[in-house]
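Trainee: Please build the complex by placing chain B on the supplied structure of chain Y, with the hints as guidance.
Protein sequence lines, in the order shown, are assigned to chains Y and B.
Residues in the first sequence are numbered from 13 upward in steps of one, following the working numbering.
Residues in the second sequence are numbered from 13 upward in steps of one, following the working numbering.
Accuracy of the hints is not assured; some may be wrong.
Pairs count within a copy or across copies, as identical chains cannot be separated in the list.
Below, a list of computed lysine-lysine pairs in the BS3-like style, where the Cα atoms sit at most 30 angstroms apart [to be verified]:
id	residue 1	residue 2
1	Lys77	Lys224
2	Lys77	Lys56
3	Lys386	Lys128
What the hints contain is simulated information worked out from the structure, not anything from laboratory work.
Since we're looking at a predicted model, the values are computed, not measured.
2 protein chains.
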Amino acid sequence: MSWKVQSNATDIDTLLLEESLFFNGNGYIGIRGNLEEGLPNDAKTIRGSYINGFHDIVDIPYGEKLYAFPENQQKLLNIMDAQGIEIWIGEDNQREKLSLHSGEVLDYTRILHLDKGMTERILHWKSTKGYELKVNFKRLVSFHTRELFHQFITLTPVSMNIPIQIISSVNGEVRNFADKDDPRVSSDDENRLTITNLSWTHEGSLVEVQTKASKLRAAALSTVTVSSNSVSYRYEMNKLSVQTIMDMILSEEITLDKRTFIADSTRYENLQESLFSIKNRTALFSFSELMNLQQDYLTTFWGKTDVTIDGDDKIQEAIRFNLYHLLQSAGQDGKTSIAAKGLSGEGYEGHYFWDTEIYLLPMFTMTNPDLARKLLQYRYSILDSARERAIEMGHKKGALYPWRTITGTECSSYYPAGTAQYHISADIAYSYVQYYLATNDKSFLKEFGTEVLLETARLWIEVGHFYNGEFRIDTVTGPDEYTAIVNNNYYTNVMAKYNLHWACKIARLVQNEDPMHWKALKSKLSLEEFELEEFQSAADAMYLPTDRTLNINPQDDTFLQKEIWDFEGTPAEHYPLLLHYHPLTIYRYQVCKQADTVLAHFLVEDEQPEDIMKDSYNYYETITTHDSSLSSCVFSMMGARVGYVDKAYDYFLETARLDLDNIQGNTKDGLHMANMGGTWMAIVAGFAGLRLKEDGLYFRPQLPKQWKGYTFHIQYQDQLLQVSNHSDGFKVKLLSGGQVNLHIWDKRYIISAENPLVITNR
Amino acid sequence: MSWKVQSNATDIDTLLLEESLFFNGNGYIGIRGNLEEGLPNDAKTIRGSYINGFHDIVDIPYGEKLYAFPENQQKLLNIMDAQGIEIWIGEDNQREKLSLHSGEVLDYTRILHLDKGMTERILHWKSTKGYELKVNFKRLVSFHTRELFHQFITLTPVSMNIPIQIISSVNGEVRNFADKDDPRVSSDDENRLTITNLSWTHEGSLVEVQTKASKLRAAALSTVTVSSNSVSYRYEMNKLSVQTIMDMILSEEITLDKRTFIADSTRYENLQESLFSIKNRTALFSFSELMNLQQDYLTTFWGKTDVTIDGDDKIQEAIRFNLYHLLQSAGQDGKTSIAAKGLSGEGYEGHYFWDTEIYLLPMFTMTNPDLARKLLQYRYSILDSARERAIEMGHKKGALYPWRTITGTECSSYYPAGTAQYHISADIAYSYVQYYLATNDKSFLKEFGTEVLLETARLWIEVGHFYNGEFRIDTVTGPDEYTAIVNNNYYTNVMAKYNLHWACKIARLVQNEDPMHWKALKSKLSLEEFELEEFQSAADAMYLPTDRTLNINPQDDTFLQKEIWDFEGTPAEHYPLLLHYHPLTIYRYQVCKQADTVLAHFLVEDEQPEDIMKDSYNYYETITTHDSSLSSCVFSMMGARVGYVDKAYDYFLETARLDLDNIQGNTKDGLHMANMGGTWMAIVAGFAGLRLKEDGLYFRPQLPKQWKGYTFHIQYQDQLLQVSNHSDGFKVKLLSGGQVNLHIWDKRYIISAENPLVITNR
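Same shape as in the complex, but just chain Y (with noise of 0.2 angstroms):
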């Protein structure tokens, strides 16, 4: 099975879409990838180098504002660019830029090599004067030397002795991407970098910048080396770039090796020196060498991570072009995590949302536990945000996590559709506690998770009420924003109630487990002991709507009680409707964005019978214009979980591939993160049916028709599991550790190194 993903595009628009798909990153840089050379001058492309986290402040306009509405926001930054590479072909008065688009492209490739970390672009090139050459340029965004953007370029040349002249620059005079006609897309495009230095020394060619309000600093220092004795070099600086310009006679085969080393202030004090050392370093290995490094890294990580499908190359190649996209995006210092975009562009500027801790931890936290503590920590460091929201928000106490943010404030300027949506407060409380199941990592659930389980359940009891002997939660948003400002949303009541009851749960645990500890927490936030009961009472009393005519659990109080959206009378142009109608006319419908109370059903399926589940199901999925791309794979799951297994399938095909074959029409703007997660859960939970719960792992596997088998592996405290699926059966084999638990159908077993579980398909 194939590790690459291939393209021969050279028409504008795919291209500008493969930025996207091509991007390199590590978690801590990301470069879309733009070519080298450029494009003509009228094509549109979106040129863009990021740092996770890095941004800017900027004020929110309002025509009316209201207290507490957010007065700015962080927008993540677009940065020094320094992927420019120009070759000059021909005599000097005559010279022809080669390009994808002048003089005659007679084979061009584009890989993306999923084993390796690497992108390629192999050209094979004749200028209109004749002259003839093979260009292969390799990027790399490094894994093992997190500030290293890596070029190498290797010319060989076909026709004989051909005068050359490349040019590399770092430009610092970069903004961000615009587009006054599109709501998911920045329309603001001013200039929030002001360059501090740009210099050429023997160091490299150094562009330091500064943001305009939040005053970090980013620098970039580059180097390039030919390996031809006989180029001459020269330098030149504008107030906004650099450029190293080599002339020499192309002859026979020759190399450039561009290295570019990024660093920000929030990692570094002294950016210079930092540069300088790092660059020095890494100066001790040649390119080859770091691309066995980045390798191991990847062999490492397909190691416990990598999926495969028996019978179906094409989502083959997607399944890994997910997993390997939300590798290069995840932050991994604790201090940053997964945008929307991941780090591939700037679409919803970088913020971090829900999707981090419901649609793409779960790939993490079991299968790379460590990258995922990493995820969990940067929510606790943003933590006293999330308390200060609270207040300001009018709560005596308690967490309310901001709706999308970078360092912790909300960011959400349409409160319907942000704020009001507490229930991402339970998302994330949700996410500690399965990394607890996952892992039974109790230190890190004591020095992180407990804080944030407390803090967040005080939020519903300070949110809620009880009325009628039931705890109520009136007044927010669910996951679907089709619909807004509702009492008693089901995903919200049944998140919340899962929250109030692990706080007290593991409240419990570390009370008991280290007293000492305890009573230092309970100090540290003046957590009182009838808190505790408080939380147990509420979940124990937690309103879960359910409507028994029709079997379901009704999305909020009177969503059943809405006219049902006219679907047939809705022209296909019409969709996505948040971009045809305004808010009040969705919101006055059962219409489903998203999956929300089918979502809940999959994250706490303990808390409804079979039945409801399966007729929840039907009903939702008739109203759901899957409007997001957190949708499908939710659709997926779920289908799968209540038998069925060929709409899974189908919901599958729409999620796995949204990215590769562009399905939204907005890849360009960047990969849908989210979505990709949600690829790897609608087959580890969807048709493998995995559930993380308390007294193990649970199976209820299944195998679409169309597949003969696939094939994944698991982290579970501390055994590495390989479970496949193929119509000879379900097995799952312990690549590591000692024993572990399973429920398949919700039959016990109990599984060893030396006895794998082997069970025939039903």
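Mentor: Chain B in isolation, oriented as in the chain Y frame:
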């Protein structure tokens, strides 16, 4: 009883307040009560002159703009400032400016003459050099010549031979007032006027301006004449203003007559010519003749409108003050209406809200139906915009009136307390019906009202739906802005029912009385016969939420399930709540900004039995903050209705002097027009209990024990009635016209000129 409102204040804060209280207007022009001579440089002032409806178009900014959010809004502009008349005292090099804040103020009184339609300032002043004089400033904005702002100054020397220089100016460099700290005041003070002409000719000083975006034009022509023979005139111009400089020796009383004529391009094509001709026509009249014309107009007005209160001079002052300012602010050209602040200030950007129909029209409808008709015509003039907005908001037909507007397009950027207040369309329909009931003016109904009623009725069919045999309206906001986006707001539903019912009734009436007209109208509206039946069935099946346990109408479907706001835990300085809590927090609780269900019970009282109205009143009273100035008057009226006369009186006190005593602290931004209308209603519909129904007038007269009595006038179907209630009895006297059907405490009476009604009070 006095016709004067007086003040001796010279402190800056009170002067700022008096800019609103002493403003002069005539429905077309409004001039704030700024001082001719100005204030010290650092003094806070809102120096303003306005033309009703004269606006620029301003972009509305959004952090996240969604479909059909208005892109821009109209904004009432502050126009050329012609108030300036500086008086400089003393020799050339030692001149001192006459001012309330320098020299010595020996005596100062300011008077608003409610009977004369004029304001006056009487100043006795001594300069630091010892020159002593008396100055009398008179001002009127003419009801006779709508374009005229007239200033008339009398200077009387006390010391001998005072060297004096008077500078009269017209200033084109004006901006709107901005306050970034108050969401109720604009934060935008960008200059939106371009001066297109600035000149002095024998016709006078002329300043012409054009707005930047809307391209409206306005012009001011100003003449100034001094009665002294020895005066020397000089003219100075710069790019921004024209000044007339007059030097003289003051040795006897002289007068200065300054006339500024103001016109705009929505009324006149050629502004200069029009102003010259109006000026020359008016030149035939002296100031005292023009003042007499003004007084005649006011005499007629008071003859139909005056309300007297025996036994409370402060209330008497307030009620006349309020009625006077309502007159000054009411557009009388059929193209304009009454802004939230009238023509007294810039608060709420000069927009027209539902206030006009529900709080202001009743007074005009019942006393000045000709003027009421003009206000109703304004709504007809923007019916096309309302139709377009309905389409934009996803409806197939009907008319959705904008929540706030000048020209007819929606200007509200925060839709949960804006566009979502669909009830405004029913409110407008209601005001047409009330006008019809008061006047029996079928021709107006035919020409304008029927179309408005039918198009608004269509909206309810579009927005509502049948559910379990009931007609329900989801996802709207009622008048109470502390609850938003709910299902089945009682107010909205009952008003929609009235709208639907009367649309049918009036349609049938027109159909019977003028089949030709009906046919033409049906064709114009593409109205199908079945639609009328649909209106009637929706009205008949309208769902009106009722809670049997509490015996009240819940404000909406889930209102009563929410927790009650923690009033005890809310410090006094946290009111109004909207300035101290996020809307989500407020929406989460049972707490009302203003009367909602209680207002519905006032407007449509026959839908509920007495006990439900009373129990509802009791319930809502405990949870209403009256943070809106639209609230107290309703609680006064309904207090009287359900038998709480003392309570009614207490609420009345809060409403009557709201501006005079600056109770809400923001009268500087303009007068609270709706509250002023509410004062009238609290007497007429409150204490006297007047209701307009199909079979005549209904009274339930009561007398607060604090008063000896009250008297008011109403115009009912060509009859002028004087209604009074004193300890000796309730009297209705027919001042003109034939006979009238009355219901007093539900008992029927017929009165005529010969047979007034006298009922001894219970």
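Trainee: Evaluate each hint against the coordinates.
Mentor: Verification of the hints:
1. Lys77 / Lys224: Classified as both; 24 angstroms inside a copy, 25 angstroms across copies.
2. Lys77 / Lys56: Close across copies (24 angstroms), not inside one copy (35 angstroms); limit 30 angstroms.
3. Lys386 / Lys128: Within one copy only: 24 angstroms inside a chain, 78 angstroms across chains, cut-off 30 angstroms.
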